[in-house]
Amino acid sequence: MKCLQSRHRGLLILALVLAVLPLVLPNAFYVDVAIRIALNAIVVIALNLLIGYTGQISLGHAGFYGLGAYASAALTTHFDWPPLAALAAGALATGLLAWVLARPVLKLKGHTLAMATLGLGIIISIVINNEGRWTGGPDGMSVPAFALAGITIAGETSWYIVAAVLLLLMTWLALNLIDSPVGRALQAIHGSEIAARVAGVDTTRFKVRVFVLSAVVASIAGSISAHYIGFITPGMAGFFHSIELVTMVVVGGMASVFGSIIGAALLTILPQLLQAFEGWEVVVFGVILMGTMIFMPKGLVPSIAQRLRSRRK
Amino acid sequence: MFNPILKKTVLFAAMAAAATGACAAAASAADPIRIGSVLSVSGPAAFLGDPELKTLQLYVEKINAEGGVLGRKLELVHYDDGSDAAKANSFTKRLIESDKVDVLIGGTTTGATMAMAPLVEKASLPFISLAGAVVVIDPVKKWVFKTPHTDRMAAEKVFEDMKKRGINKVGLLSETSGFGASGRKEAQAVAAKYGITLVADETYGPKDTDITAQLTRIKSAPGVQALFVFGLGQGPAVVTKNYGQLAMASLPMYQSHGVASDEYLKLSGKAAEGVRLPTPALLIAGALPAGDAQKPVVTNYDKAYKERYKTEPSTFGGYALDALNLSVDAIKRAGGTDREKVRAALESTKGFVGTTGVFNMSPLNHMGLDLSAFRMVEVKNGDWQLLK
Amino acid sequence: MLPQFLQFLYSGMTVGSSYALAALGFTIIYNTSGVINFAQGEFIMLGGMLAAIMAGAGVPMPLAIVGAVVATAVVGLVMEKSVIEPARNAQVVSLIIITIGASLTIRGLVQIWLGKGTHSLAPFSGDTPIVLLGASLLPQSLWVLGVTLAIVGALAWFFGRTLLGKAMLATSHNKLAAQLVGIDTRRVLLLSFGLSALLGAVGGILVAPITYTSYDAGIMLGLKGFVAAVLGGLGGGVGAVAGGLILGIAEAMTAGYISSSYKDAVPFVLILLILFFMPRGLFGAKLSERV
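These protein sequences, in sequence, are chains A, B and C. Note that the first sequence covers residues 1 to 313 in my numbering. Note that the second sequence covers residues 314 to 701 in my numbering. Note that the third sequence covers residues 702 to 992 in my numbering.
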């Protein structure tokens, strides 16, 4: 019963923060950052389900993100599809690809899994880079605005509402998933896959489902980001973006939904703050990565939670 | 379970509020002219963005030392997009909304520029891009201008020279980077105009360490009479080296303006002998005839940059200098920083001598250069020689 | 026909040997600590960059080479001591992030201190190409291949005949057992990083005359070296070299016969296929997983 309350409380607080934030932010740029944080957080929450809860590494998730973005861009630009249909098509295609590859990929563990997902992401980004006719090539392509039933979403305020609602939805979904039998099965797999199998959990089926779910969510987030920013480049599907996403998961806190949001927030704001360190941004970023992992290996939110809990004792 | 989550989110909200408060309070007291700039100073395009930033910083300082513009100082607000177009988009928003700049210079890569363009159009902010692709100014966008030659012009200049020498079958080797891919597209588009057929179309990656396979294929393309390489930085140097290794000197090699730098000569060594390419006047400042309109401008830039940074200036830095000078000139003619007035002044720039060429802008031409802004040079005895 | 095929083959072998050297470095660290060192590419870059800059500043070549190798080995040791050791009990994902952070830090510092330009190194025995059976090969490529094979031989002797080497091997097989017989596994870990950094630097110096070097030369090389290592099964020197050469040749053949724009996808397609059908890699040993 207490668990149920805390889940709802967390969601309520998030909703409150999201509602209050635009009133506090001074101008449209800050709202832009908030929107980007929300969109990143959506992907990170889904990725965390895979990495944090189920314990599978993926170094190629930006590939799925990019697939969604480019599906939306190409279908709306070259074929005049309505944006929602393009988004759905992108999500479907990504889901299918993830499903086909999930079984052979998830048989692997540790570094081989990392390598396979890395390879997948890079292949996707190379294809996007090369097929210029559909994707605009390395210089990228512009994306028309998102219109649904005649209403176009434009301007930071409207987009903020969309992003905030989607983030709340994703958070609610994730929290529900974790507290359900499925969630417990996932954590069992993380603890010890063989033990879970012995206990009767169909580990392969669960791993595949989480993999596909996280891929589909990434694709949807990619599509939405594409419409928001209005211009996409192959870099979105690239290795560095995949690493950024994993970093957001790990720094924020593995196996923590709110940790994912914090991780996304921190790493989205960081490049803005690092501009003050002319020339030293890359170094500072690297040092922050190493420092966080060494001193807070579980990630920010779980480490702080642990410290607060032990202090309360 | 409940308390830590509450504490964390409240803490975060408080931090966010504090941070925004701090940023808002940093308003400037004086009345300077704010030049905003988003450049790729790190990442794969750092080779271009680094001299661009150095140039802007050097000359903003110089202009301020000489009294500023219309009695006001220039203030350069710059951000590094790390060669990421999405970040370029975000920083542009920051420059428009938070820093409230009067003019925007930047967009080192075409991708970054195209991601920034919609924002400046919406905000009605004059924007001078430093990117190469023709798509930046074709179709013309009201608030977007650019200083570099287009990749189409580079292809045309090279094909013009080839046609003169009776070459009509060309093997194309382009880089998979934005610069190379765009160059390839333009080369394919204008080849027929000069009676040229592309009998081979190979690509290489910007960080490739061995390009002999592609060169071998081009070597054996039926009837090939010349090689045209479109890339910049390290890649074309590797191509040149491999070209020497495969003893391909009997096949004339043309390069793009991407290698118009002394670094290319240094890296390629004697294999670069005989290579021909189009270049802005800056590269051959010393070899320009005395009456050349650009000679004083490029010689001054060359001297000033070497004095400050102890290294050769690059033609990419030249793009930034031209953008800055064009902005300053436009602001002077507009009598202030009123955006529409500055834009109109930019659009009516005539006979402006820059390092890249002589600019003649118009409502339909937001770049203002023609083929004469490119000079054809050939590598002779390890140095550049101006071709007539 | 044949000269063309041979040209592609030589090209593949040249590139492949640089991958092989990268793969060796990955393998050594992975074997002793289970860490995938994403900074391996930076070790290679450091070797080439430091040597090129020192040689460019007038330092005689042999001295520049030794200096660069030693300096890079020190960087490897410092990296292990400062960031790997404190986190040695962390999860795989955390360790990956740490090594990525280290690679960013090293790359960022080189960018600031040594600049963003491209540098070259003089080839060891001139750059007149050798024409073999109708296709040309650079003498430097023979150096790369030769030294790589020599290193593999030296490593085999080191791991098989010396006490230190055997200690490292023991640690890689079973850390706990190694500790129980009195091996200082922390020293072994430190040494493995130093050794990998040293090998990486040697590799970087060997290929710099062919490939040029710059602050970001390590990214692609590190990635492909990782692929080559996994291809070879992350087992030993033979696997790493085989993986590297196979990768390089596959890339060259793709560029030559299929499509040059997709040549960069080859390593990753290859690795997916191998991992799906032969997850232990080509030469990896069969492992049993403790429950």
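Don't take each hint at face value.
[Said to hold, decoys possible] Below, simulated BS3-like cross-link-like pairs (lysine-lysine); rule was C-alpha separation at most 25 Å, straight line: (1) C/Lys817 / B/Lys579; (2) B/Lys583 / B/Lys367; (3) B/Lys623 / B/Lys645; (4) A/Lys109 / C/Lys817; (5) B/Lys579 / B/Lys616; (6) C/Lys817 / B/Lys367; (7) C/Lys817 / B/Lys623; (8) C/Lys867 / B/Lys619; (9) B/Lys616 / B/Lys435; (10) B/Lys616 / C/Lys817; (11) B/Lys455 / B/Lys482; (12) B/Lys375 / B/Lys579; (13) C/Lys867 / C/Lys782; (14) B/Lys520 / B/Lys477; (15) B/Lys520 / C/Lys817; (16) B/Lys583 / C/Lys817.
[To be verified] Facing chain C, according to a computed beta carbon distance under 8 Å, are these residues of chain A, among others: (17) Leu21; (18) Leu23; (19) Pro26; (20) Gly110; (21) Leu120; (22) Thr157; (23) Ile243; (24) Val246.
By construction, these hints were calculated from the structure, which means they are not laboratory data. Positions of the beta carbon are idealized from the N, C-alpha and C atoms, including for glycine.
Numbers of unmet hints, in rising order: 2, 3, 4, 8, 9, 11, 12, 14, 17, 18, 19, 22
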